[in-house]
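Asker: Residue numbers (our numbering), protein chains in the order written: chain A, -8 to 114; chain B, 9 to 430.
Because the hints were derived from the structure by calculation, they are not lab data.
Quick caveat, the model's predicted, so the values are computed rather than measured.
Hints are not guaranteed to be accurate.
What the hints assert, rightly or not - Covered stretches of chain B, going by a simulated chain A footprint (3 or more residues, C-beta under 8 Å): (1) 13 to 23; (2) 118 to 126; (3) 177 to 190; (4) 287 to 294.
Beta carbons are placed, not taken as given, at the ideal position from N, Cα and C, and that holds for glycine.
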Amino acid sequence: MFYAILCYHAEDVVGCWSKEDDDAVMAKLAVVQEKLAKQGRLGPVARLLPTTAAATVRGHGEAPLVIDGPFAETKEQLLGFYLVDCESLDEAVSVANELSIANPGGAHEVRPVGLFRPGTGPT
Amino acid sequence: MTDLAWINSAITSSRPQALGALLRYFRNLETAEEAFQEACLKALKNWPENGPPRDPAAWLIFVGRNAAIDGVRRRAREQPLPEEDVLSDLDDAESTLAERLDDSHYRDDILRLLFVCCHPDLPSTQQIALALRIVSGLTVKQIARAFLVGESAMEQRITRAKAKVAAAGLPFETPGPIERAERLTTVAAMIYLVFNEGYSASGSEVPVRAPLCDEAIRLVRLLLRLFPSEPEIMGLAALMLLQHARIAARFDAEGEIILLEDQDRSLWNQKSIAEGLALIDKAIRHRNPGPYQAQAAIAALHARARRHEDTDWVQIDLLYGALELMQPSPVITLNRAVAVAKTRGPEAALALIEPLADRLSGYFHFFGVKGAFLLQLGRTAEARTAFDRAIALANTPAEASHIRMHLDRLLKENSHSQSASL
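If we strip away everything but chain A, and leave its shape as in the complex, we get:
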């Protein structure tokens, strides 16, 4: 079974890293990822772009409510995530809308992915 490990950090602190700091952290993470990949246990890895690039789709149907920024309702829990290849934000929003129609309530956060590695683990 895959276990999702979600990375949290203070975004404004990360935003203050110099390129050297950032590269150093990514290099150290790559060592861990490589070990897991060699063992055939690494699923997809994604680094999300900052929350300022996010939009949230609430409601669904003909006029879903699209809110700028990430979704900040602490009473809602992260239940799962999709990785979908889209040409534009418009397309991503319409996919989120379809998902909302299939599963109403809650919200779907659209976060552009900055880095993606497909992984080597079981499917």
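We have chain A; now place chain B onto it with these hints.
Answerer: Then chain B, alone, in the frame of chain A:
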């Protein structure tokens, strides 16, 4: 990262919020800065021992405020009467501190802090210097280096700016919606000035000045977190990210300028581009266009083209047309002419810029562009005249040498293609 690097990042990122709150308490820039310094010293001692606080900004505000109040108390003892009124005003601040931090109006603290730096009485160089000193916390030495001036000259510039701001009085009332929008516009323009100061560096200066671009991007991200639904702020962030993405490709080993069409696109920073594209996409959904968005959309079209030949000049022409309507300027028309030359040919482009001759008679880019169009039309003698004029109008020797080199090459290419077609 080491502990110290983490503390540095945490302090840098907390600085605008903490300093903004301290400025609100003490209503004095000097006191607020001293209080923040004091809190940073304590953080450097305390955090490695006790671990990082849950909310670094709140910690710094709390500790800074107490340190400054202690200072007031100490000074008060040396005076015959304690300044009770000063102290009692601050008494209830502590209880509401945590609440205020969560409250969205801490946006106004940061906006006020940024706004103070772009006071309309200050010339733009002082606005930038003050913002880098106060909001970003760069040392005078760092700022002096970035501006390529001496440290004492920069010290004077910042002191003069602070004195002017102090004399003009600080705006402490909570701004209304209209005023907030005005301030946001002013602050956005100031951040773009910081960016341009770094971006306009020439080859040899890039390592010194690029940090200004990083700082401007950090500030616009901060602004965007505070105002997540402002399409023009998204546009500005996108514009800066897309332009800064090209930094590694803009100069050759000798420090000479490499034009956009000749840049090695594999050197462009794809992470910056991805973020810039995501932001301009999001801004456009608001259907509320503005000049930053239009410029970012143009930068996005360049970023999306894998090769220079793939550039969507028709769209770029349309976007410059929109920009002309929003912000009429002969320089924008001149830029548009470059796109027109690609889509409708040099004749149409030349016709577009002819009426600008009077207003741009002292602008060397005008003659450079005009020369290039004339050259494409085979009017070599006229082109040469325009190029000579451009070189005479260059602002720096480096600019002149670049233009000369570029124009020499154009002339050479033209003679090649002419002989090839014979």
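Asker: Cut-off 8 Å, C-beta pairs, minimum 3 residues; does the coverage of the segment 287 to 294 of chain B by chain A stand?
Answerer: It holds, with 4 qualifying residues against the three required.
Asker: Do at least three Cβ atoms from the segment 118 to 126 of chain B come closer than 8 Å to Cβ atoms of chain A?
Answerer: violated (count 0)
Asker: Count residues of the segment 13 to 23 of chain B with a Cβ under 8 Å from any Cβ of chain A, then say if the count reaches three.
Answerer: holds (count 8)
Asker: How about the segment 177 to 190 of chain B: do at least three of its residues have a C-beta closer than 8 Å to a C-beta of chain A?
Answerer: The restraint on the segment 177 to 190 of chain B is violated, since only 0 of its residues have a Cβ under 8 Å from chain A and three are required.
In summary, the structure is inconsistent with hints 2, 3 from the numbered list given earlier, while agreeing with the others.
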